[in-house]
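A.B. asks: For reference, the chains in residue letters:
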Amino acid sequence: MRDKQIEDLKDYKYGFSTDIESFKAPKGLNEEVIKFISNIKKEPKWLLDWRLKAFERLKVLKEPDWQKPKYPKIDYQDLYYYSAPKSFKDKPKSLDELDPKLLETYQKLGIPLNEQKRLNGIAVDAVFDSVSVATTFKETLTKQGIIFCSISEAVQKHPELVKKYLGTVIPLTDHFFATLNSAVFTDGSFVYIPPGVRCPMELSTYFRINASDTGQFERTLIIADKGSYVSYLEGCTAPMRDENQLHAANVELIALDDAEIKYSTVQNWYPGDKDGKGGIYNFVTKRGLCKGKNSKISWTQVETGSAITWKYPSCILKGDNSIGEFYSIAITNNHQKADTGTKMIHLGKNTKSKIISKGISAGFSDMTYRGLVDISPKATNSNNFTQCDSLLMGNKCGAHTVPYIKNKNSDSNIAHEATTSKISEEQLHYCQQRGLNPEEAVGLIVNGFCKEVLQQLPMEFAVEAQKLVGISLEGSVG
Amino acid sequence: MLKISNLSAKIENKSILQDFKLEINPGEVHAIMGPNGSGKSTLSNILSGKKGYDVKGEVLFENIDLFSLETEERAHKGIFLAFQYPLEIPGVNTNVFLKTSLNAIKKARGEKELDAIQFLKLVKEKAKELKFDEEKLGRQLNVGFSGGEKKKNEILQMSILNPKLSILDETDSGLDIDALKTVADGVNALRKKNNSFLIITHYQRLLEYIKPDFVHVLMNGKIIKSGGPELALELEKKGYENIN
Ligand SMILES: Nc1ncnc2c1ncn2[C@@H]1O[C@H](COP(=O)(O)OP(=O)(O)OP(=O)(O)O)[C@@H](O)[C@H]1O
Ligand SMILES: [Mg+2]
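Protein sequences appear in the order of chains A and B. The numbers in our numbering rise by one with no breaks, and the one at position 432 of the first sequence is 449. The numbers in our numbering rise by one with no breaks, and the one at position 218 of the second sequence is 1521.
If you're looking for bench data, these hints aren't it; they were derived computationally from the structure. On a predicted model such as this, the values are computed, not experimentally measured, just so you know. Think of the CB as a built atom: it goes at the ideal place given N, C-alpha and C, for glycine as much as any other residue. One or more of the hints may lead you astray.
[Stated by the list, open to error] Label-pair distances were calculated between CB atoms; the ranges are:
| # | chain 1 | residue 1 | chain 2 | residue 2 | range |
| --- | --- | --- | --- | --- | --- |
| 1 | A | P43 | B | K1409 | 30 to 38 Å |
| 2 | B | P1393 | A | W63 | 48 to 56 Å |
| 3 | A | L389 | B | G1447 | 32 to 40 Å |
| 4 | A | S441 | B | K1317 | 44 to 52 Å |
| 5 | A | S441 | B | G1441 | 49 to 57 Å |
| 6 | B | E1365 | A | D292 | 39 to 47 Å |
| 7 | B | G1441 | A | P217 | 29 to 37 Å |
| 8 | A | K52 | B | D1418 | 53 to 61 Å |
| 9 | B | G1451 | A | M476 | 54 to 62 Å |
| 10 | A | S441 | B | N1491 | 29 to 37 Å |
For reference, chain B alone in the conformation it holds in the complex:
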């Protein structure tokens, strides 16, 4: 599904990723762990299409060169990024945003767009599953949302859009224990349908709820070690310094 080969990325002449490789197959869950500033968000931003990076290498998504696609075209093809710091958009109603987003994607895929009633039904159902306070859906997007609410809003959008590849950038940071479980439930529900995940996290706790197929350690711009779920436990014990 996703194949990253020899990816290197610089920002303002500072090298962040070098010779980065990763392959994700349909239905797989990969977790990436790595120290602060190791380039995890940089990786997710580049995959999402964010501009401003000096990028070399090749990324294929379902055999299409990802760099030939605009950000929104990547979204249309099923790439979703739950941002580490979700943005506020004043004036834009959350429900309106979700509906516009879903219908833009449906339209691009040649699917039938949802009308207001169909959409409300869907959003209510998903909000309920994720224990997301419906009242918030009537508010401006992320404006006045708590840190955890913003993260949950990302997951709500993910479950509405049903993406093929979801990248979760530290979605678990800032979530309370119950919210962590509901978010994990949301991910697991999508996972059943053969969707893939790239989960960036600092804590192995999340990985207790979402069992990853692979765990990778990102340091010095590349993956220095890969393994199964046990690697996360080992990391927690030893720390990054002593992992090699």
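Chain A with its partners taken away, still in its complex shape:
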């Protein structure tokens, strides 16, 4: 009797694509394409040189293959590295000039760009394929000296800040995908919070891949100057397509003395169909540097989408007394795969880190938690606490925990706890007897399981995330 209901819900509701004419760079990865991107964005020479340097480096780097989820070889020459709505050739100056099709797309996604329909006082930067299409609430933020714009705009208007910080957390030479991103990144968000300012609203970027055969390589740079605070959230969706699409973003966070950055992700890229066809390869490099003393960086991620999720949002705790946190919910269903976790690198004295990871696997999916806690000899009196829980649904999925622990300091300590549990038939029956259908029952149990992480999200998003958690496990029971 409930089959119909499940059928309705199972659809990936963001799976539509926008029929909009796009303007693309020629297919392929070469110097010409990089110059094309740099040129169309009217970039200064230093940035083009920087990109080309990355490209040189890329030529000698090997694509890593130590991860658990394997994927067919990607033909990097068969991808578009730049795609923008055609109406963007002459960048619209205001929302009124924006292509109505784009406004409509974001409306459908539940992200109104129109400020009259403000999204609970959340400032949004919307990135469509390779370009940022709109940033809301700019004026309100500017009054406090906060810069929140696309990275392309920041390159034009605040080159000194971009030049000073770009690539300082994820160096050009870091690893294959990060270096690829440095060579071809197209757009993304830029945030600067001046000293002593507490950002009065959530800043949020909404990423949307629309065009086919297109990789999305966005770059985000967030700088919290001394004594400032910012909470930032990113959301992502993509249309349903049969082929796999690559998303290789770089996100760099820098917190100076006494500053705090809270970075939350609700990742809901298209996961592929139930037989594992299509879906996004989400290979992202996210790294935060607690540069100043008493600084804090906190990552919260809810990863429910993508065919393969492969990422380790990390903290480098350089400043004395700095704090790094990682709260994660990763859900894989059907044939999805995830290899995710974090790295906490303790360099300063009295540095603390906390890792709370909740992995849920269902269907034929496979989930790996991989994490590194590294306490350097200088990081005296430092500590880490790691809690790593896995929940399995059914017996065809897998869950693995791979913690790497390096404690080079005798008065610092690392505590690691891990559990694996399963939702039992009896538990489901108990809930159903009390009137919940199997999906509601699973939703309730799973939300209970990841409560600690959901609580970390900004209020408005916690509710959404909670629903998303339920929806992504749809069809995994019964």
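Knowing the structure of chain A, use the given hints to seat chain B with the ligands on it.
C.D. replies: Okay, now just chain B with the ligands, sitting in the frame of chain A:
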């Protein structure tokens, strides 16, 4: 209200119930007594919709074929089972569970769901009536509850959900003397509203507080004897061996 005809049930090819018959009318209280392993919990599980049994026969609940309904649909229609061994659900707050359950049922019936404040008021009132420690409502469902507390939690849920037919599977086992009385009070309060009960018990003591209309003896997969409250007393004296 409930009409069971020719019900037989097997599990892993082992026959547990055969040709089982029982009819319960609105407002009636039926007690079932029977030796360990005679199939009492099997019966309540089947009525609740638990899977894994090979079932034949017919069960009508308010003239609807019970086997055509999913477990949760039975709950929506007003069937409640107080489990012999209530389960623990780690991570799920007891209050949240109760509220989700009540609202799922209300929603299915097209009734207005309760908001947080209305719910808290209701749950506090019921907890007080049943002398259920409110502090426990903030804990994970049944996790770290004592055996008796788990049983009381079942009765608390029953009184919040106000079911038409409540099946109590050995709810009295493990309850202290005072708790037994409060549980009986809970049942009697619901009974006034023309709700029906199927009470599974090993002890006639409970039946002193909840006067049943009928007592049945379940042996060898079927009801071998039925009578009034006096049958429970007779059983207590004679034991199952000599009841026929
Ligand atoms: N999953 C199962 N697999 C095999 N046998 C089972 C299963 N469940 C129950 N049984 C058997 O079915 C019979 C009836 O069990 P049931 O739990 O219904 O008894 P009961 O009357 O409730 O007993 P008690 O008074 O001890 O609670 C028992 O012999 C039991 O061992
Ligand atoms: Mg039993």
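A.B. asks: Give a verdict on every hint.
C.D. replies: Structure-based check of all given hints:
About 60 Å separates the C-beta atoms of A:P43 and B:K1409, a value inconsistent with the hinted range of 30 to 38 Å. Hint check: B:P1393 to A:W63, Cβ distance near 55 Å, so the stated range 48 to 56 Å holds. Judged by the Cβ atoms, the range 32 to 40 Å given for A:L389 and B:G1447 holds: they are separated by roughly 35 Å. In this structure the hint that A:S441 and B:K1317 lie 44 to 52 Å apart at CB is violated, the actual value being about 22 Å.
Between A:S441 and B:G1441 the beta carbon distance is about 24 Å. The supplied range of 49 to 57 Å is therefore violated. A C-beta distance of roughly 42 Å is found between B:E1365 and A:D292, which places it inside the suggested range of 39 to 47 Å. Between B:G1441 and A:P217 the beta carbons are some 34 Å apart, a value that agrees with the proposed interval 29 to 37 Å. The hint said 53 to 61 Å for the Cβ distance between A:K52 and B:D1418, and at roughly 60 Å that hint holds.
Roughly 39 Å separates the CB atoms of B:G1451 and A:M476, a value that falls outside the hinted 54 to 62 Å. The hint said 29 to 37 Å for the Cβ distance between A:S441 and B:N1491, and at roughly 34 Å that hint holds.
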